[in-house]
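K.L.:
Here is what each chain is made of, one letter per residue.
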Amino acid sequence: MTNLTIESAIDKIVEIGRYSSAFDLRTNSEIREIGETINKEYGFSGMVQVCESAGSSLGGSALRMIEKNWSGIGNWRG
Amino acid sequence: MTYNKDNFWDAIQSKNFSLMENILKSEIDINIFANDKKGDMVAAETLIDFLNEYPENKSKLITLLGEIGVDKAKFRLIGLLEINYKIKKEERDAAAESLKNLLNADDFNNFIADLSDEDSEKRYNATRVLRVYPNYIVIEKLIYVLLNDNDEFVRERAAYSLGDISNENAIEPLITALKDKSDFVRGASAVALGYIEDENAIDQLILALSDDENPGVRLRAARSLGLIGSKKATKALINALQDSAPKGDFVGNTVNKEAAQALGKIGDKNAIVPLIEALESWSSDSRIPNSKMVAVTALENITQKDFGNDTTQWWKYYEEITI
Chain A
1 MTNLTIESAI DKIVEIGRYS SAFDLRTNSE IREIGETINK EYGFSGMVQV CESAGSSLGG
61 SALRMIEKNW SGIGNWRG
Chain B
1 MTYNKDNFWD AIQSKNFSLM ENILKSEIDI NIFANDKKGD MVAAETLIDF LNEYPENKSK
61 LITLLGEIGV DKAKFRLIGL LEINYKIKKE ERDAAAESLK NLLNADDFNN FIADLSDEDS
121 EKRYNATRVL RVYPNYIVIE KLIYVLLNDN DEFVRERAAY SLGDISNENA IEPLITALKD
181 KSDFVRGASA VALGYIEDEN AIDQLILALS DDENPGVRLR AARSLGLIGS KKATKALINA
241 LQDSAPKGDF VGNTVNKEAA QALGKIGDKN AIVPLIEALE SWSSDSRIPN SKMVAVTALE
301 NITQKDFGND TTQWWKYYEE ITI
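Heads up: the protein sequence lines correspond to chains A and B, in order.
Counted from 1, the first sequence has number 9 at position 9 by my numbering; the numbering is strictly sequential.
Counted from 1, the second sequence has number 116 at position 116 by my numbering; the numbering is strictly sequential.
Calculated from the structure, these hints are not laboratory results.
Think of the CB as a built atom: it goes at the ideal place given N, C-alpha and C, for glycine as much as any other residue.
Where hints are given, some of them may not hold.
Capping the alpha-carbon separation at 20 Å, the derived lysine to any residue pairs in SDA-like fashion look like this [claimed, not checked]:
(1) Lys60/B / Asn125/B
(2) Lys235/B / Asn200/B
(3) Lys89/B / Tyr19/A
(4) Lys86/B / Asp24/A
Estimated spans, in silico, between C-beta atoms of each pair [stated by the list, open to error]:
(5) Gly43/A / Asn104/B: 48 to 54 Å
(6) Glu197/B / Gly43/A: 42 to 48 Å
(7) Val273/B / Thr5/A: 33 to 39 Å
(8) Ser230/B / Thr5/A: 38 to 44 Å
(9) Ser29/A / Asn200/B: 35 to 41 Å
Take the sequences, apply the hints, and build the full model.
P.N.:
Have a look at this one:
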C-alpha cells in the first residue's frame, strides 16, 4: 500500500466501516494493512490520529474494533 | 467475441483471470460448465482464488462454485455471508443459495444446536450460517438470539441474518432491538429493517436517525430509510444533512453523506433546495470532497439534470421549475 496519507487512511477505513459488521471491523485485512502502513510511515501517533478520526465518524464501538484489529502492529496494543 | 464452455475451462486451467473475467461478462451459460465439472477440485480452487480478484458482481461466480459442489468451497461461501463493504446483498444471497446445496441435514441440526453452545464463536457462526435456511424455525430461533443472547456480536449477527432473510415476522423484534444497549446491535437492526423494506419501520428508523447517540447507527438508519424509499422520511433526512460533524473530522460526517444518498433514492423534489444548500456549504469545506459528489448525485437522481457541482446552475434550474 503506497501513497497513503493520514487523510486517505481515515477515508478508506470510514468507507469500509460504513458497511461492516463488528466482526469484519475486528478482522478486516485491509484495515490491518492500513494500520501497518500508517505505523511505518507516521508511527504510533499517526495510528492514534487515524483510529480516533475514523472512530469519531463511525461511533465509539467501531473505534474499539479498529483498536483490536491493529493489536500487535508496532507498539499498538488493542 | 463469443465464448463457449471450453474457452472457460482453458482459462481456468491456465489461471488466466482476465480471460475468465471477459468470459463471465459475456452471455455464457455457466450451468452447462458446472454440469461438466461437478466435483472438480481444480475448477473449484481456481474459482475460489478468482473470487478474490473479480471486480464485478460475483453472484454468477458464486452460483457456479456452488454448482460444482466441492466441499472446500463451503468455507469460502460461508465467508461471503459476512457483512462487508465489498460483498453486496445479492452476492450474500447467492452464497446462501449455493451453500444450501453443500450443507446437509446434519449440518442444519448442528447449527441449531450450536445456537445454545457456551462458546460465543460457535453461536456467532451458527447465527451467520443459519440464514441459508429461511424457514419458520430458523426465523424464530434468530429472533430469540437477537433479543436474548448475552453477547452483543451474536445479537448483531442475528439482526443481519434476519435482514438477509427479510421475513416480516422479524420486523417487530428488530424494532425492539433498535433500543439495544449495544451500538452494533442497533446499527445492524437498522440495516436489517432497510432490507425488509417495510414502511411500518419508518417511524422508528426516523427516531434512530435523529436521536441515536452513535453516528454508526444514525448513518445506517439513514441508508435504510433510503432503501424503503418513502417520502415520509424526507424531512428527517433533510435535517440529517446538517448532522454535526465531530470537530477535526476532515473526512466529513458520514451521516450527512448517507442522508444525501437516501434523499437521492427517495426522489422527493422537496429535497432539492436543502441539497443545493448542502452542496454550497460542503463546497466551502475542502475537508469533505466526497460529500459534494454525493450531494450532486442525489440532485441528479431527483431532477434527472446534470449540472455537476455548479450551484448557480442548480439554483437557476430550481427557479425555472418553481415559476
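K.L.:
Mind checking the hinted window 35 to 41 Å against the Cβ distance between Ser29/A and Asn200/B?
P.N.:
Given a distance of about 39 Å, which is inside 35 to 41 Å, the answer is holds.
K.L.:
Hint check: Lys235/B vs Asn200/B, CA-CA at most 20 Å. Holds or violated?
P.N.:
The hint holds at about 17 Å.
K.L.:
If you draw a straight line from the CA of Lys86/B to the CA of Asp24/A, is it 20 Å or shorter?
P.N.:
holds (11 Å)
K.L.:
Has the hinted range 33 to 39 Å been met by the Cβ atoms of Val273/B and Thr5/A?
P.N.:
holds (35 Å)
K.L.:
Keeping to a limit of 20 Å between CA atoms, is the pair of Lys60/B and Asn125/B held or broken?
P.N.:
violated (25 Å)
K.L.:
The hint says 42 to 48 Å between Glu197/B and Gly43/A; measuring C-beta to C-beta, is that right?
P.N.:
Cβ of Glu197/B to Cβ of Gly43/A: about 46 Å, so the range 42 to 48 Å holds.
K.L.:
Hint check: Lys89/B vs Tyr19/A, CA-CA at most 20 Å. Holds or violated?
P.N.:
The given pair, whose Cα atoms are some 11 Å apart, holds under the 20 Å limit.
K.L.:
Does 38 to 44 Å hold as the CB distance between Ser230/B and Thr5/A, or does it fail?
P.N.:
holds (40 Å)
K.L.:
Are Gly43/A and Asn104/B spaced within 48 to 54 Å by their CB atoms?
P.N.:
holds (52 Å)
In the structure shown, a violation is registered for the earlier hint numbered 1 alone.
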